[in-house]
Amino acid sequence: MKILYTIIAGGLTVAGGNLVALSQFVEGWERITYGAGAMLCVSLAWPLVLRLSHLMMKEEN
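In this text, residue positions in the sequence shown follow the working numbering: the first is 52, and each later residue adds one.
Since the hints were derived computationally from the structure, they do not count as laboratory data.
Each hint should be verified, as a subset may be incorrect.
So the derived label-pair ranges between C-beta atoms look like this [as the list claims (entries may be wrong)]:
1) E111 / I83: 41 to 51 angstroms
2) M108 / G79: 39 to 49 angstroms
3) K53 / M90: 19 to 29 angstroms
4) M107 / G79: 34 to 44 angstroms
5) R82 / I59: 44 to 54 angstroms
6) W97 / Q75: 22 to 32 angstroms
Ideal Cβ positions, reconstructed from N, Cα and C, are used throughout, including at glycine.
Input sequences plus hints: build the corresponding full structure.
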């Protein structure tokens with residue numbers, strides 16, 4: 052399960068970073084849309100990162 056969470060969270064984070072990079076080359080509403088998409092990707096990845104952290108701490112104890 053940890054591997055699945057890692058792959059999904061990593062993919063969402065990379066996708067968000069790519070959207071931020073692409074937003075530098077557009078103007079107006081497109082820039083806002085790319086920024087919103089990036090925030091959505093990172094927001095979706097955050098609960099997975101927290102769950103992964105919880106699983107790893109549980110494994111240590």
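For K53 and M90, compare the CB-CB distance with the range 19 to 29 angstroms and indicate the outcome. 25 angstroms Cβ-Cβ, so the 19 to 29 angstroms window holds.
Look at the Cβ atoms of M107 and G79 and judge whether their distance stays inside 34 to 44 angstroms. About 42 angstroms separates the Cβ atoms of M107 and G79, which means 34 to 44 angstroms holds.
For the hint 41 to 51 angstroms, verify it against the beta carbon of E111 and that of I83. With a Cβ separation near 42 angstroms, E111 and I83 satisfy 41 to 51 angstroms, so the hint holds.
Outcome of range test on Cβ distance (R82, I59; 44 to 54 angstroms): 27 angstroms, violated
Does the Cβ-Cβ separation between W97 and Q75 fall within 22 to 32 angstroms? Check passed, 24 angstroms falls within 22 to 32 angstroms.
Taking the beta carbons of M108 and G79, is their distance inside 39 to 49 angstroms? For M108 and G79 the Cβ distance comes to about 44 angstroms; the hint holds.
Hint 5 from the earlier list is the only one contradicted by this structure; the remaining hints agree with it.
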